[in-house]
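Novice: Sequences listed follow chains E and G, in order. Numbered by this note's numbering, the letters in the first sequence go through residues 1 to 330 in order. Numbered by this note's numbering, the letters in the second sequence go through residues 1 to 274 in order.
Worth flagging that the hints you see were computed from the coordinates, not collected in a lab. These figures come from a predicted structure and were not determined experimentally. All residues carry an ideal CB built from backbone N, CA and C; glycine is no exception.
Just some of the chain E residues that point at chain G, by a computed CB distance under 8 Å: (1) A205; (2) M207; (3) P208; (4) D211; (5) T215; (6) G216; (7) S218; (8) L219; (9) S222; (10) R223; (11) V225; (12) A226; (13) G268; (14) R271; (15) R273.
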Amino acid sequence: MSGPRHVYRVLGIGAVAMAVTMVCPFLGIRYMTIRAVLESQELRYIFCTIRIPRTLAAFVAGGGLALAGMVYQALFRNPLASPYTLGVSGGASLGAALCIALGAGGSMAGFSMVSMGSFAGAVGAVVLVYTFAWSRESNSITLLLAGVVVATVCSGLIMFIHYLSPLRHSFQIMRWIMGGVDGATYAFLAVMAVPVMLYAGVCAAFMPQLDQFLTGDSLAHSRGVAVRRSRNMFIVVTALAVGAIVSACGPIGFVGIMAPHACRLMLGGARHRVLGVCSFLLGGAFLVVSDTLARTLAPPSEIPVGILTALFGGPFFLAILFRRKGRLQF
Amino acid sequence: MQVTSRESIVSKNPLMEAKDVSAGYGTCGVLKDISVRVEAGERWAVIGRNGAGKSTLIKVLAALLEPSAGTVLLGPKPLREYGARARARAMAYVPQKPEAVIPYSVHDFVMLGRYACMGLFGTPAPADHEAVAQALAFCDVRELGDRMMTTLSGGELQRVLLAGALAQDAPILLLDEPTTFLDPAHERYFFRALQSAREHKELTVVMVTHDVNTALSSCTHVLALLDGRVRYAGDARAFKEQCPRVLDALYGIGFAQYANDDGVVMYGTWEHGP
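Go ahead and model the full structure; you've got the sequences and the hints to work with.
Specialist: As structure tokens, this is what we get:
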């Protein structure tokens, strides 16, 4: 029930997310107090131009990925679906790898060539899957399979590029694929936040359709959902949002598949309106914490955040799963 | 307000009409030249052998399957010209069993039936809560309201599914073998639920069934399909007079009948029909 029974838990998740996002910018290789930030110009500079945009970028990326994961899981009625299911991250990684391998450095209009290349790759993958979605009597399974094929082909091509590249490029590609929000600026944040916020708005409006999708295509149809049109709409807006996130941060794993499930376990039987808000908050908070760990655990170097999301997210998720006696109701 | 909108559809007879409809899956044609007129308030039983095209017909009527030839009229205009929401306000559909059992409470699941009546953000209005409460009462599942769908038995699940369709508040109800997987007791409960809904609002019912006796006792009209064609379409009483001979032809085995307190009961035998 999305009624009063859930209100406290939703508020709890919201409070945790807010607290985490407010505390984490103060943490780092140099721990800061509020007073220190106010008094020292140097610390204020670090705090305002490095840590705040980075924390917010992590929050937006994590939240967006979690929301996208929830949408795909409901749309395909498949608990294993993730934001990358339809090959968006494969396309993005391929685009990035190509740019790196071809030595396309530099930037244009404030965007780095690599992230533009990866966004183009993401869009390419989506166009491919989407054409497939319209071109035949496709159902969820054929779409999923098409996505898997696109992802596999992309990863094959990436391996090939790896193989041909000199060590320096190969390392860069590898590092890109691990993902991270390091070096986030306000421009970087805006490029990601604007599409993610638009996406969240669209989702908020069409959440009731996701509830219907969960009951199966024919029942959703009989209840008044234009199933094909609605599914394709969700696929496209989700893929664009994920493309925007991935081309900025790389394919950060796990948060998109884990956060929605964690919310489902905590809010058994919640409608997607509630679930979406919570997934966004939890995914955002989770990535903020992971990124904070990434930049503090092994100073002065940074651990790629994708490694940490998997290493810390996995046990956290298993803990929830066991506490609920492993009944992942979907 | 809802009553007037229903009346406006009801006044346009026939309520639903299939004209020379053919349909199938890919190159495999199942239905051939089906024509049938369903008037408001009628209750149609669609009977026939497995593979005769009963479920295909109900899918065509529910707009789940596009006919390869012919048209389906819903009220004044072709079914395919309806938007999804407008169609859902005109007719509801109950499948053989739920495609997926979701971890929602029974109340929330039945509320999903109100989708076409709610706005974009899907916030239930008092009228929606009222419709859900009424549907739960009709189907005798009110005390299951807070239970999770995943904890229900097959019989309860099917009644909840019916409640969802009734909550939709559509004048036409399409049922695709709704009691196939139910024991005799739950089958009774299901039809009692349908009965009590019909007592409170005018419903036009098209129901696929394998149970000839249910068809004859609870429906006003019979549509008998044989190999994708109409073998009989019309009044149930006239159909009864042709029994059991017509059933022999329909199912390819002999039928016998005997009389009891409720009337005449048919049952299949090992004898081969004509």
